[in-house]
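**Student:** Read top to bottom, the protein sequences are chains A and B. Note that this note's numbering gives residue 135 to position 135 of the first sequence, counting from 1, and the numbers run on in steps of one. One rule links them: number in this note's numbering = place in the second sequence (from 1) + 1000.
Read the hints as simulated data drawn from the structure, not as lab findings. Among the hints, a few may not be true.
What the simulated footprint calls covered on chain B by chain A, stretch by stretch (three residues with Cβ under 8 Å from a Cβ of chain A suffice, anywhere in the stretch; the number is not a length) [what the hints assert, rightly or not]:
(1) 1190-1203
(2) 1353-1364
(3) 1390-1401
For glycine and all other residues, C-beta sits at the position ideal for the given N, C-alpha and C.
Below, each chain spelled out in residue letters.
There are 2 protein chains.
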Amino acid sequence: MLTDALRKYLQANRDRQLQELFELLRFASISSQAEHEADCLACAQWLGDQLRQMDFSVELKPWRKHPVVVARYEKARPPAKTVLVYGHYDVQPPEPLEQWHSPPFEPVVRDGAIYARGASDDKGQLFAHIKAVEALLQTEGELPLNVAFFLEGEEEIGSPELEQFITTNADDLQADFAIVSDSDFFAQGLPTITYGLRGMVYLELTLQGPAEDLHSGVYGGVVVNPLNALAKMIAAMHDESGKVALPGFYDDVRPISEAERRAWAELPFDEERYARNLGTEPLGGERGHSVLERLWARPTLDCHGIVGGYQGPGAKTVIPASATAKLSMRLVPDMQPERVVRAFEQFVTDHTPAGVTARIKVNTKARPVLVPPDSPAIDAAKAALTEAFAAPVALARNGASVPITELIQRILGIEPIMMGFGLPDDHLHSPNERFRLEQFYGAIAASAAVLKNLAAL
Amino acid sequence: MLTDALRKYLQANRDRQLQELFELLRFASISSQAEHEADCLACAQWLGDQLRQMDFSVELKPWRKHPVVVARYEKARPPAKTVLVYGHYDVQPPEPLEQWHSPPFEPVVRDGAIYARGASDDKGQLFAHIKAVEALLQTEGELPLNVAFFLEGEEEIGSPELEQFITTNADDLQADFAIVSDSDFFAQGLPTITYGLRGMVYLELTLQGPAEDLHSGVYGGVVVNPLNALAKMIAAMHDESGKVALPGFYDDVRPISEAERRAWAELPFDEERYARNLGTEPLGGERGHSVLERLWARPTLDCHGIVGGYQGPGAKTVIPASATAKLSMRLVPDMQPERVVRAFEQFVTDHTPAGVTARIKVNTKARPVLVPPDSPAIDAAKAALTEAFAAPVALARNGASVPITELIQRILGIEPIMMGFGLPDDHLHSPNERFRLEQFYGAIAASAAVLKNLAAL
């Protein structure tokens, strides 16, 4: 429960806290672009300074390209528990710049929303936690539990080798609870806790045919064309009902419960409007499952690009020596990436025609995540959200993968609380990214409330 | 028949003629590269000057990018016939330069062969005709028939709009015979007349799905992925026996005669060695036809590239808004490009799944060519080749398309004599292109002989 003092403090400090968020948003901390390495470092240092001023012990731990900010407050009265708060300070590139109505790194408020790259993903969300800590310290003189911040700078480049980081730094990250705020409400006005995420296997399948590219006039009709052969293999990966046709692919898929099915059916979701917004009617995918089931509880196989031959303008009559497909499979509980890779390898072995040889390169293996949705920690988060946003809380899954959550679960042994504060139309990764003021202020209140609620467990 | 005087002249002038070919080879007349436009023009002017010195009336007709050299000698004693000689002075880009053993535009002789870009394709071949004309004029004081040269500068960029050029300039190109020397012997020591070429339809098939690129985590499983759908359509374009599965595709295919089958079986062709050289065993393609039948007398459908999604290094989890395949079909007599396009359109209509829309853009339509292999003109060419190379002559087809030949046949109404002087291992379009000295000198003699033989018809 939030004290009156805290409510008043938040009300009185809105403008200053907003201006401080603007400072954070002005760093062009684009992790994928080498010329912004100094901006990433400056951003991490600025965050470290903010936390140091609030009695956190702060370390900027150098990692592959950009440091991880690890900050710990350990002054809560024993026997205090500890909560780990994850966020990322790096952002997507802002391009195409000409589509922005205001410059991406010069935040402004328009129509009740903060417009800037990173406003919602993820600076606004992580900064709300920092400002909640400030409000608690200013109004109560101490925090009700110990808090560890884990703020990484390589999320937008896929958090490479994050598992190694967490394993190496497990001591500094140990906690009783973990909050991950890098997601959104299911709909405006509907605070949401995410309790499931899909995993992923991303790989490249290459078929090698002739030793060199060949002229399709001189040689067309006597060699196996690797592009045609690859198309045939990709086509065979789905059956007529839209199911993935790899043998054993669905063996470990956990069916959703009747309770989940009912709960999802009650979420405010208009399939027709959804399809219209995507510009594709009818929708596709596996038959016999609702849209939310297909997104949250059914695995997929998608092709993301095919390399080989000629992609330029006009015509080139080449039979390529080889062709490569970039493919990913989204995994749902309880699928295991290793088993999926083996099933894919077996499928390729069974379907590679004479005249080409196949090789597979696995880029990414991420496990699906499922958090028990009825734990005391989740209840604490639900109560905090309801208090801050004056609305009931939805439980939802998400079709995407957030590698950190699975690592918190598997390596640190903590069931993460995924409480995000964005809205579905925040234009993440796109021009005119925004974060609504009511979401920012609500997030600060919700964070303060969840810290208190968790402390009371 | 070659006179002794002519034979002696050719023998005595070998070195000078070779040095003149070197001059021609030094022009970096790369038609596809804008920075070589001046080189192309200079090359055309040089050729024009050569022909002007031999009493030809010469015009450099401006065309899209590089001029066509049209030169006519009309002083043969009436009632003289006219032969049109086609060649192209433009060349392929020489890249990758580091793989050349000597610079591509600094011709040298090594191991009995001229090494330079364009040596075989097509400067060496066209220049042999010019030097044959010189030899006839020098030894006989006149040509036995009128000769028109048609030397284009855009063959290596696909001779775009060549049909329009020929239609517009038909008066200047009219002739009784036509010689096209832009091909090769079936094997070393086996002079070859090509009497059939495949045609081609080249097109782009685009499937449009969602309005924008989508994140495969957030949306994977509920939209039709255009890349997966395209793979499925391409896969359906062949049946299990390697046949193209477009309805009606084979309706107009003319079966080869028993005589042709027997003749082809007698050509020196080692399938095992052929496959080993290509680095792909076993060979592919349509079952039930020999390699030469598949190359020369059976149509194909090949994919040359697929555009859409992500082709860069690493992973991107994108469901592309659209995907495009570059496809070509090689056509054999008596297939009609227009009918093939209609069959393709019908197939696409029948196979486009709900959730995507298809569009087709046709880039190229070229008809197949079949020349009666037993005409007096072909006999004249065979006799000339036998005389010049002291060997029997093979009749062969070729799987590639040479647009000029079909235009000569259809627009000018002349059955072209395809007598090429290259060898199969001349490294056309590749580093270290070469033209063997014996082929160059033999080609000059063969050209002189065929001009005399045709004059006698």
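**Student:** Compare the structure with each hint and give your call.
**Tutor:** Tested hints:
Note: the region 1190-1203 of chain B has 3 residues with beta-carbon separation from chain A under 8 Å; the three-residue rule is met and the coverage holds. Closer than 8 Å: that is the beta-carbon criterion, and the region 1353-1364 of chain B has 6 residues meeting it against chain A, so the requirement of 3 holds. With a cut-off of 8 Å between beta carbons, the region 1390-1401 of chain B has 4 residues touching chain A; three or more are needed, and the interface restraint holds.
Hint compliance for this structure: every hint is met.
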